[in-house]
Amino acid sequence: MAIERFPVEASHILMFARAVGDANPIYSDAEYAAGTEVGGIIAPPTFAQSSAQFDPNYFLRPKIGQPWFGSGREPSGITREKKEGESSGAASGGLHAEQHFTYHRQLRPGDVLTGTELPGTTWEKEGKRSGKLVFTETITEYRDQNGELVITARGVGVRTERVIES
Amino acid sequence: MALSASKIKVGDTYSEQVVDNLSRTQIVQYAGASGDYNPIHTDEIWATKVAGYPTVFAHGMLTMGLTGKAVTNFVGDGRLTNYGVRFVRQVWPGDTLTTAIEVSAVRAEGADTVADVTITTTNQNGEAVLTGSATARLDP
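Chains F and Z are the protein sequences, given in the same order.
Note that numbering that gives the first Met the number 0 has the first sequence beginning at 0, numbered continuously upward.
Note that numbering that gives the first Met the number 0 has the second sequence beginning at 0, numbered continuously upward.
Just to be clear, a hint being listed does not mean it is correct.
If you only want the chain Z side, here are some residues facing chain F, beta carbon under 10 Å, derived [claimed, not checked]:
#, residue
1, Y29
2, V49
3, V70
4, Y82
No wet-lab data here; the hints were simulated from the structure.
Here a beta-carbon is modelled for each residue, glycine too, at the ideal position from N, C-alpha and C.
Produce the complete structure using the sequences and hints provided.
This is the structure:
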């Protein structure tokens, strides 16, 4: 996953904060935020995950003019696997096992980030309920318009042999 | 308000209900905001008939986001230097989640004093759905 341009915008931060049920005005009210220690609107701690919106090849977003694997006339629009060159972050076709963020500074509206994926490791484990588990780590460095590191994200995705129901 | 190193101590706790009766609509809202439109989270027909789950379930990142609200309510805005979690159980529509935070260390990091906290988010049955940790800068 390479993200060439992830513009951080106040309206996106507002929508993201609403989605995680956080009414803190630091995410939506510029006037309030100006009078706080941080001095302006900042992004919630997990906001960097919405870089998926700006990843042109993100597997889990319907693309205009292309079939989508969710239901339509049939329970699945298409049956397909992830294609070569497509990206889907840490949880591709499987489940999200872990997510870690290191914050080098606060993310603010007006920042324009790039995201660079670094090689992570892969390991296997035998699960009681799910059969063999294959874990894949993805590390993404988000840098700002000045090339400074803002957030380092480490995701771990897991693929299971069987569906886990609880 | 940020935490102060002179007032905080190891073993201090904080707890907050972060969602009550999670709706499918909130999961859709999170899909729209985050850009993760995996139908396993939002498409009941696909989740049950194709993927074989009993119903749709929340993005792990929605649970991490909900939990993050409790974390920042405790440590203050703009204070986190690390926040990491493990998703240990799925979160389903109708779940009510509560986050419990405990201070595990207060220590120096460079010129700053920081607190390490452990984080557990549980569902209405008392089952952990997320475990994790965070580090936050403290006031002197």
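Answer holds if the nearest beta-carbon of chain F is closer than 10 Å to that of Z/Y82; otherwise answer violated. holds, 5 Å
Restraint satisfaction for Z/V70 [CB to CB of chain F, less than 10 Å]: holds, 7 Å
Mind checking the CB of Z/Y29 against every CB in chain F and telling me if the closest is under 10 Å? With Cβ-Cβ at 4 Å, under 10 Å, it holds.
Agreement of hint Z/V49 with chain F interface, Cβ distance less than 10 Å: With Cβ-Cβ at 5 Å, under 10 Å, it holds.
Violation of the numbered hints given earlier is absent; every hint is satisfied by the structure.
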